[in-house]
Every structure is written in C-alpha cells, then in structure tokens.
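Chains A and B, in that order, are what the protein sequence lines are. Going from the first sequence to the numbering used here is simple: count from 1 and add 217. To convert, note that position 165 of the second sequence is 146 in the numbering used here; the numbers rise steadily by one, no gaps.
Since the hints were made in silico from the structure, they are not lab data. Since this is a predicted model, take the numbers as computed values, not measurements.
Across the chosen pairs, the derived CB separations fall in these ranges:
no.	chain 1	residue 1	chain 2	residue 2	range
1	A	L375	B	V76	43 to 49 Å
2	B	L5	A	G313	47 to 53 Å
3	A	L351	B	G117	34 to 40 Å
4	A	T436	B	G117	23 to 29 Å
5	B	Y256	A	V297	33 to 39 Å
6	B	D119	A	S361	35 to 41 Å
7	A	I343	B	Y256	29 to 35 Å
8	B	F133	A	Q341	39 to 45 Å
9	B	A127	A	T436	50 to 56 Å
10	A	T436	B	Y114	28 to 34 Å
11	B	P135	A	S361	56 to 62 Å
12	A	T221	B	S185	53 to 59 Å
Even for Gly, the Cβ is constructed at its ideal location relative to N, Cα and C.
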Amino acid sequence: MNSTLAILAILDGISYAALVFLVSVGLSLIFGVLRVVNVAHGSLYAFGAYLAATFSLAIAPISPWLTYPALLAASIVIGVVCGGFIERFLLRPLSGQEDVLQLLITFAAFMIMDNLQRLIWGVQPIFAAEPLRLLPNVAVFGVSYTSYQVILLPGVALATLFGLRYFLRRTLLGAVILAVTEDREASTAIGIDAKRVYFVTFVIGASLAALGGALASPTTSLVPGMGADMIVLSFAVAATAGLGQIEGTALTALMIGLTRAFVIYLQPEFEVLVPYLLMVLVLLVRPFGLFGAVQVRKI
Amino acid sequence: MSGRIKPVTTIALIFFLVSAVGPLLVSSWATLFALILAKGIVVLGIILLLQAGQVSFGHAMFFATGAYTAAFWGKYVGGGDIVLFIALGGITSAVFGLIVGLFVVRYREIFFGMLNLAFSMVLWSLLEKMFHYTNGADGIRVPRPALLGLSFTPETFQYVILYVSLLIAVVAFYGVQRYLDSPLGHMLRAIKSNETRLEYLGTSARRVLLIGYVISAFLGGIGGTLVAIIQQIATPEFGFWTKSGEFVFIAILGGSAHAFGAFAGAAMFECVRFYAAAHLADTWQLILGVVLIVIILYAPNGLIALRQRYGQAKQGGH
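With the hints as constraints, model all of the structure from the sequences given.
Structure below.
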C-alpha cells in the first residue's frame, strides 16, 4: 500500500465515519434516555435519504444551491413526522412494559417502513448527486477528493457532536433531559413532563438518523435494503462505544470508519465483517462498551 | 389441572391433526404447513429463552448453521439423506450454540441480545463474503435428498418433508413442554423471576441458561435444515438480523407463555405471508407489521392468551 492509497483510505474512512456517527449518535441518544433500542432507526435513515433525494431532484432545476436546505428540510420532516409518530403512538402506550415488546414494536415499524419505502420510491436505484457536484474538489496531500465528503460531512458531524454536548450540558432543556434519564420519578415529582422529554429526545434522535441519510444521499445510490444494513452497523458502533455515550460514539465511528476503509483497500472481501468482529471482541471484554460506565450486575 | 388435558394442548393436537390431514385435501398447503412446522420448531427455541427473560436477537445464526450444513454436504459430499441432514444440522448448531453460549450466558438482557446479534452478524458477513465456499449472496442450492435411501418425485417429496417436519415438530413440542415442566425448566424460569435466589439455592444460573441455550440452538439448527430442504436453498439471508427479528416476532405473536405459541405464531405469520403475497403483491410485510403492532398493543401475551382470556371471561374473569 503506497502513501496515496493510505491517504485515500484515511479520507474515505473520515467521510464514512461522519455519516455513521450521525446515525449512531441518534440511536445512542434514544437508548440513553428512553432505554429503547430503536430498530426502525435504519428506516429513518433510508427515509431521510429518499426524501432528500426527492426534494433535491425537484428543487435543483430552480437553483442547485437550494439542494442544501432541501437536505436539511427532508431530515427534519422525517424526524418530526415519522419519529414523532413512532414515539407518540407506538412507544408511549408501551412505557413500563417489557423491553422485548418495545423493541419488537420498533421492529414492526421497521417492517412497515421498509415496505412503504418500496411502494413510494420503487426498487430502482435513485441518484441525486447534485449537492456533491456543486462543491469543488480539494487536494489533500496531493490526493484529490470531493470537498463535500472531506469537509462538509466531517464538519456537520463535528458540529453535531459539539452541538449535542452544548445542548445537553448547557441548556435548560438539555438539563431536563439528563434529569429524566437519571431519575424519571424524581424529575416528574418536581414538575418535569417526562413524556414530553421522551418525545423531544426521540424526535432529535430520529432527525439525526434522517440527517445521516440525507447527507449520504448525494454520495451513493439509494437502494432497498439500505436501512436494514445501516441499523445493524449503527447499532454495532453505538454498542461498541457503549450505549448512551456521545463522545465515545464519535471515536468509535472514526475507528470503525478508518479500519473499514483500510480493509477495503487491503482485503475487500472482509469489509462488512470489520464492524461486527470489532463489536464481538469489544463486547466480550467490555459488554458495556469501550466508553460505557460499568453497570452493577444483578449477581 | 393435573389429570386433565389442558385446553392449549387440545388446540395443539387439533393443529397437528389439521397439518397432517389438510394438505391431503389442498396440495398447495403441503409446503405451507411444512414451513409453518419448521419455523415453529425454531421459535420453540426462542420461547425457551424467553422463559428465562432473555431475548436473542441473533438466533438466525443457528438457523443458518443448520441450513448451510445441509447445503455444504450437498455441495462437497453430494447426495444426502433427510435423516442425515437433520442429524448433522442439529449437531453442528448445538456445538456452535455451546461455543457461543459459553460467552453469551454471562450476560443478561440488552447485553445478551447485543452479543447474540454481534455473533450472528459475523456469521452472516462470512456467509456473504466467503464467495468461494458459499457462493455469496446467491446461496447454495440444496438438492432434493432421499429418505432412508428412498428417493421421491417432487410431488411426493413435498408430503414426505411435511410429515418429517410434523414428526419432529410433535416430538420437539412434547420435549420442550416436558423440559419446561422439569426442575431444570423451572430453574430456567427462575432466571427471569429471581436469579439471585437461584444462585443462593446453590445452582449455577449460567449453567442452567447454557443448557437452555444449547437446546434452543439445536432446535434452531433443525428448523434451519428443514427450511433449507423445503425451499431447496440456503442463502446468507437465513442468518441476517431481520430473520432473527422475525423469529422473536413469531414468538410474541403466538405468545411466549406456552410452547404452542411457537406454532400458533408461525401459522399466523406464514398464512398472512402466503395469502398476502398471492393477492396483495408487495405489501405482506406492511400487513405483518400492522398485525404485530395490533398484537403488541392490544394482546401483548400473544394469540394463545386471547383464548385464555376468553375462557376466563366466561368463568366470570379472575
């Protein structure tokens, strides 16, 4: 492997990690607060991607620069409409019930959304690369790469990381979310509306998944099954990091993104194996994840 | 209730009778019922683990192990016999279950589920990417095996595999019932209700769970072998996480409180799929998703509990 390929692998890894981080951190946030593994998370990612592609294909003839707000708009629409619906009508009636039921109802949402996606957007691959083509290429150590992937995507990921940190640690709503996570009963007793907190958290998490999809849509063709692949991958990242760990998710996404990129150049057939193998190895040693806090076991 | 036949067991007997006789009248039911029975066997394993309060979101790995055992035998050795396939499929999955089980039984709840998922995704990526051995995503064809040296035409074969599945399903159903009623089965339930007390009684909860896990892997493998023989193919999708989700889905749909829930759920699932796919193309997944939501929200104990609730209502409800 020469240095050009190594730089290419690093850039691939970073841009991939940025997308995976956006999706995984949403999953992790939802689990951290609601204690629910949202199996429909990958479908929110796919819906975000498809809606973003629809929006940007529709708006590109007017002005190609409007495709960027279109990506953002698509992810918020999906986050609020689909995410809000799942939380309000599927998860909320089940609060306090067995975990497996909460997990399964999001699985049902996944099945429905997977089917709807095929009914709405068909099974033919969709391309909407306008946002990618608008921005010029940049040269990084002599390697030419699209600035969309190497500057915009990592930029959005970093902004999300610091934005979430600021939101959770420095704002009132963030403090309220943390309070509900820490002790739901006590925070309800002092007048916090826990249901609203769950709703807001779920919508934020869902919007992040959709944002990941929307930003991914210019870089790849949209195909059925992309949601099912993304949910396990983002779950692998979130679980390896430790569910509920925001900074840890960023580091793990970077680690998995880079490893995967190098494996693609060196041993392409093992590309899909990397995240899951890492997940098995990490969970065997640290079941609470690389960055997770040790939880007291029942025995 | 001792001495009397339990109502759920009566329904189970009726179900097994229908699956034996029904396909003789409607020939398209032969494959349908064979699939229901085979999947029911896998879901029995899920229900077993649900007794201990543990949800495996990776059980498709044992399903795929059973299926690929038959497929590899057909590809590399050639020929094959149903009995041999099932024995091999069961044994390899049980051994695989023992190896994976040694790791996963140390964890509970979300960690148990996560680790199972991780192992199954590793297996899936290997099946998908080791192209030279597994044909990748295309999967391996499983040629129609003989039964005890007798070979059959496709028309007879669908009945042969149906009755083989039925026989195994009845034995597995009875065996799982007996196991859950045995001291070992009660200890398995105790993991869900109070694991600490189980340990204080001097029992190793891990060992109890490991035994349950290996049995459940064994059932998964046998079910996988049967499905591979019925559908004459084994693909990596057999080991994908959506397959694992489908099994948990069927278990909750049928009801995890009783072993028959596995078959009730599988029957409902496969019938919806069979008829929706035939009449409302491309929406069977949507319909199943809606069915699942309705069941979870309005009958969280599954189909078999609906009957029990009805029975209780008649007695004045308590």
